[in-house]
Amino acid sequence: MSNNPSPMTPSDLLPLYQTLRQEANKVIVGLEEPFELLVVALLSGGHVLLEGVPGTAKTLMAKTLAHLIEAKFSRIQFTPDLMPSDITGTEVIREDKSTGVRDLAFIPGPIFASVILADEINRTPPKTQAA
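Letter 40 of the sequence shown, counting from 1, is numbered 40 in my numbering, and no numbers are missing.
All the pointers check out, no bait thrown in.
In the BS3-like style, the derived pairs of lysine-lysine whose C-alpha atoms are separated by at most 30 Å in a straight line are:
{"id": "1", "residue 1": "K26", "residue 2": "K58"}
{"id": "2", "residue 1": "K72", "residue 2": "K58"}
{"id": "3", "residue 1": "K127", "residue 2": "K63"}
{"id": "4", "residue 1": "K72", "residue 2": "K127"}
{"id": "5", "residue 1": "K26", "residue 2": "K72"}
{"id": "6", "residue 1": "K127", "residue 2": "K58"}
{"id": "7", "residue 1": "K26", "residue 2": "K63"}
It should be emphasised that the hints constitute simulated quantities derived from the structure, not laboratory data.
With the hints as extra help, turn the sequences into a complete structure.
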């Protein structure tokens, strides 16, 4: 038995895409093309820049796609006071109360998700954007 799944062909993807789109249409109405482009970006390992006025379902589309593919979703609200560690995570000292032993524990930030919504990235300082 092989651990590697057989490669998918474009014809294999069509029924999966149709199911995704059908389920997304239950939540998002009238945004078929942007949703299709999100799926294309997902399959190609790319990134997407969604621009639009407030209230046009940009966040909802990203959340819905993450939910449909059972992926972890994370939203980062970029603000002028956001620090790089707020995105990447940080290490904290933990102490075992019973033994008194201390160690470092990494607490991952929101960047460790499969689908990330970086909201208003232009509002944060260049130092944080570089993180």
